[in-house]
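Starting from the given sequences, assemble the full structure and let the hints guide the process.
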Amino acid sequence: MSLLLGIMTLAGNSAVAATDSDDQPKGQFSGYDVRVIRPRFFTKARRAEFGGQMSVVMNQTFIYTYLMTGILNYHFTESLGIELDGSYGFSLDKEDKTLLKSSFNISTQIQRTQYQFLGGLVWTPLYGKYQLASGKLIYFDTFLIGGGGMTGVDYQYDHCSASATGQSVPPPAANTKSYFGGIIGIGQRFFIDKNLSLRFEVRDNIFSVDERDGSCDPDFTNSSSKMINNVTMQVGASRFL
Amino acid sequence: MFISNIRWYIKFVIIFLMFGGQIALANLQNISALYSRGDYPAAASASFQLYSSSRNAQEKLNAGFFLARALQALDLPYSASRFYGAIVRQGPVNNPFFRQAFEQLGIINSTVSLGQAQIVQLVSGRNGGPMNPEYIPGAARGFYFYYQGVENFDDRKYEAATREFRAVPGGSPYYLRAQFHLGVISNLQGRHSQAISYFSGVASGARRDDEGEHLRDAAIMNIARVEYETKRFVEALQQYGRIGRDSDLWLDAQFEGSWAYFMIQKHNSALGSLHTVLAPFFENRFYPESYILQSITFLRLCRFDETKAALERFRDRYQPLFGELKKLINDYGENHRGFYKLVYDFRAGSLTRFKEAWPIFDSLSRTDAFREGAISVRNSDSELARLSRFGGKWASSGLQEELRNFLGKKKAVASDEAGRRLYQKLSDQRDYLKDLSRQTEFINAEMLLNRVDALRASLQVSTAEKRINFIGGFQILNIGQELEYWPFQGEYWEDELGYYVYNIDSSCSASKKN
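Residue numbers (the working numbering), protein chains in the order written: chain A, 1 to 241; chain B, 1 to 514.
Read the hints as simulated data drawn from the structure, not as lab findings. Do not take every clue at face value.
[To be verified] Lysine to any residue pairs mimicking SDA-like chemistry, simulated, CA-CA at most 25 Å apart:
no., chain 1, residue 1, chain 2, residue 2
1, A, Lys-26, B, Arg-467
2, A, Lys-26, B, Ile-468
3, A, Lys-136, B, Ile-468
4, A, Lys-136, B, Phe-488
5, B, Lys-327, B, Leu-436
6, A, Lys-136, B, Asp-209
7, A, Lys-26, B, Glu-324
8, B, Lys-308, B, Gln-489
9, A, Lys-26, B, Tyr-492
10, A, Lys-26, B, Trp-493
[To be verified] Quick partial rundown of chain B residues pointing at chain A, CB under 7 Å, derived from the structure:
no., residue
11, Glu-482
12, Tyr-485
13, Phe-488
14, Asp-495
15, Val-501
16, Asn-503
[What the hints assert, rightly or not] Computed spacing ranges between beta-carbons, pair by pair:
no., chain 1, residue 1, chain 2, residue 2, range
17, B, Gly-138, A, Leu-196, 45 to 53 Å
18, A, Asp-33, B, Glu-312, 13 to 21 Å
19, A, Ser-224, B, Gln-481, 50 to 58 Å
20, B, Asp-381, A, Ala-45, 53 to 61 Å
For glycine and all other residues, C-beta sits at the position ideal for the given N, C-alpha and C.
If you want it as structure tokens, here you go:
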């Protein structure tokens, strides 16, 4: 499999030198004697993109969190766009958590991500193509995203146990609390045709929670913030309009 | 199908009653019963016995028609054409089957091409001249007039050919091919706009199957050639750009387009298109002129080293070919069938000799002459193989031998004719190559004698279209268009073929200073 990468610039692509009778678009790779110049296979400028993804939070020790994500994106140019996305999902306990509880009576305090509403600026600096052994070509681009948004964490207080601790106050009722934070991420689109792409990306959603929110006895716990990194892997498809 | 058979059967009975007064009723009744039962092998065998033994013309016609129908029903269309042809050659007078036989031949030819030699024989009257068009049945008029036109066209009788092609009815499967020929004739007669109009009609009306696509691309190529001939080079380039990558004519479009670029002094684009034509993907294709065009384009840019290099590449590639060409010309001058077989073997991938000449074999194997011959030979072989199914029944009546002889002869005629046309093209290619070789020597000599300026001046054939700029794929650059650029770093990517553009400047001012 061969791979060729083109580094895109933000400058206009169609500028033409006007020095001799056989002018060529200046564009990129002007140092080469022979170039390929053709209309872009996939254009994003002034196009909206919407799609769906399956997201998995990868860096949680005791639970699996799965989120369904909807994406809405608008590309101002080939390389710059804004993106809004919303995710909603659920978490499942890992075997380790169950084992700790059953074998050692250790209860773990968990922040279960239930939803995310995020937005950011998308920069696409790379556009390239793969050639498969069969000769088939796959165009792709690589993008970086940075922004922020709100993350909802579900507290179930299932680590609180009145009999074990001798507490007289019952734990709070399960509830979801929202936190603001920031995101950074990197992803790739693989273009199936001139309107459809498969997306793969990895993001880090960084936000800070108040530890008291997860405490079994919030009235007697001091506020203290704790940074949470939700590293998510997201796979899905998007369509350009 | 069933209704059509019933109709035909009733018709036959009426004709039979009208003309069959003196004929051997019992035999024909037996054949008719076998046919209506669907026992086509037995019906064919009995028909042939009667056909070959009867001395009565009407009886022979009846038996011949039954025989042709039975063979057609057995999916032996070439064999059926042998007997339909015999009926048609009897002419329309006192021949109740003339019309139907003619129509059936048209149908057979539109599905499995009968080959020009057989058709020309069929559409000629008994004395070898044309038939009276009044007798040609409506459904066969397209078939008849088209091939009459082709015969006149081949004899360069363009006025007569035009009349025949114009008589092909609009609904006929031969209509677009007739329009295509009308376009060619119009261009030959200097009526360029009319030629473009004919070709445009063909391009827009062609069917969306393989044959239709080929006809469409051929029509577009011809529009481009007419535009080129009338010095409308930008329009020609736009037409070349319509030929799709998967078309057999795509590389021709690349090569011819590079000439159009050269004419409007778009040197970088011309060299870019030639870069595609000379890519390793096409090392077995025959475009020797591309080296000459490359060298004179470099020459125009005063890039003398590159000019010499292009001429050397031409010599390296084609000099060894002359020996083999000479041998081919000598060995196959009297053996056209053998030459056809050679081209056939190349196409089939089994040719191991004459390796230097493979690019020429490749070019020959893409011609209509080879294609038509190959279809006839393949279909004949296929029917010969199917004949063995009816061995027992047909051997005793002599039908087996008759059809084997007919198909064998048809195959031989097809390969002889294709071989003759291919050999003629081989001779043309040899002369063309010799001519190009002389041109390389001339350019070299002029350069050695320091007459480059005069030579360059002779190449200033047209003014540049300064306002128009092209990107790859013969596309005009539009302002604001999003482009993608890839550098050529010595590695050819299949998807990039056709989109190369050179990025070099003229060295003429520098060479003058020196």
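We went through each hint and held it up to the structure:
As the CA atoms of A:Lys-26 and B:Arg-467 are separated by approximately 16 Å, the hinted pair is consistent with the 25 Å bound. Taken as a hint, the A:Lys-26 and B:Ile-468 pair is honoured in the structure, with Cα atoms around 15 Å apart against an allowance of 25 Å. For a cut-off of 25 Å, the pair hint linking A:Lys-136 to B:Ile-468 is broken: about 33 Å separates their Cα positions. Among the hinted pairs, A:Lys-136 with B:Phe-488 is consistent with the structure: their alpha-carbon atoms are about 19 Å apart, no more than 25 Å.
Between B:Lys-327 and B:Leu-436 the alpha-carbon distance is near 20 Å, which keeps this suggested pair within the 25 Å criterion. For the hint pairing A:Lys-136 with B:Asp-209, the CA-to-CA distance comes to about 24 Å; that is within 25 Å, so the pair holds. Only pairs whose Cα atoms come within 25 Å are accepted, and A:Lys-26 paired with B:Glu-324 is rejected, the gap being roughly 47 Å. Between B:Lys-308 and B:Gln-489 the CA atoms are separated by roughly 22 Å; this keeps the pair inside 25 Å, and the hint holds.
The suggested pairing of A:Lys-26 with B:Tyr-492 holds, with an alpha-carbon distance near 22 Å, which does not exceed 25 Å. Between A:Lys-26 and B:Trp-493 the CA atoms are separated by roughly 22 Å; this keeps the pair inside 25 Å, and the hint holds. With a cut of 7 Å, the hint placing B:Glu-482 at the interface with chain A holds, because the nearest CB-to-CB distance is about 5 Å. With its C-beta approaching chain A no nearer than about 4 Å, B:Tyr-485 sits inside the 7 Å limit, and its interface hint holds.
Residue-level restraint check for B:Phe-488 holds (minimum Cβ-Cβ distance to chain A is 4 Å; threshold 7 Å). The beta carbon of B:Asp-495 comes within 5 Å of a beta carbon in chain A, closer than 7 Å, and the hint placing it at the interface holds. With a least beta-carbon distance of about 5 Å to chain A, the hint placing B:Val-501 at the interface is held under the 7 Å criterion. For B:Asn-503, the suggested interface contact is upheld, since its CB lies about 6 Å from the closest CB of chain A, less than 7 Å.
For B:Gly-138 and A:Leu-196, the hinted distance range of 45 to 53 Å is satisfied, since their beta carbons lie about 51 Å from each other. The beta-carbon spacing between A:Asp-33 and B:Glu-312, approximately 19 Å, falls within the hinted interval of 13 to 21 Å. Distance hint check for A:Ser-224 and B:Gln-481: the Cβ-Cβ separation is about 57 Å, which falls inside the suggested range of 50 to 58 Å. Remark: the range hint 53 to 61 Å for B:Asp-381 to A:Ala-45 is upheld by a beta-carbon distance near 57 Å.
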